[in-house]
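Please model the entire structure based on the sequences and the hints provided.
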Amino acid sequence: CVNRGCVPSKALLAASGRVRDMSDTEHLKSMGIESHGVTYERAGIAAHAQQLADKVKANLEMSLKAKGIDIVEERGVLVAPNTVGLGSTGKKLTAKNIILAPGSVPFVPPGVECD
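Numbering (our numbering), first residue to last: 1 to 115.
These are computed hints drawn from the structure, not numbers from a lab. Treat the hints with caution; some may be incorrect.
[Unchecked claim] Okay, derived cross-link-like pairs now, DSS-like style, lysine-lysine, Cα gap no bigger than 27 Å in a straight line: (1) K91 - K65; (2) K96 - K65; (3) K57 - K67.
In structure tokens form, the structure reads like this:
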């Protein structure tokens, strides 16, 4: 959710909402604001979304580490009730509590092309 789902998608939606609001010249005019068009830089918006996701991830990691939780970024398999086997090395880690956070894959609606 943090890396490729909720956080970056909400940042992109927020930016598009700002562009939409700033493009509504009639509404702005009713408030005494004149706008002469809005431009945006797609790469800049994408960079903002990535920076926000990175910041949220770093804050979450910092919170977990502050509570004494070890973070292992590795492919793993739960091989026993309190044991994870690491994919690349075969090393096994044991712990009283284990959190597996496999991540997610964004849903792309049919007919939408990704670039």
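Each hint tested on the structure:
Only pairs whose Cα atoms come within 27 Å are accepted, and K91 paired with K65 is accepted, the gap being roughly 22 Å. Distance hint between K96 and K65 is fulfilled; the C-alpha atoms sit about 16 Å from each other, no more than 27 Å. With a C-alpha separation of about 16 Å, the suggested pair K57 and K67 falls inside the 27 Å cut-off, and the hint holds.
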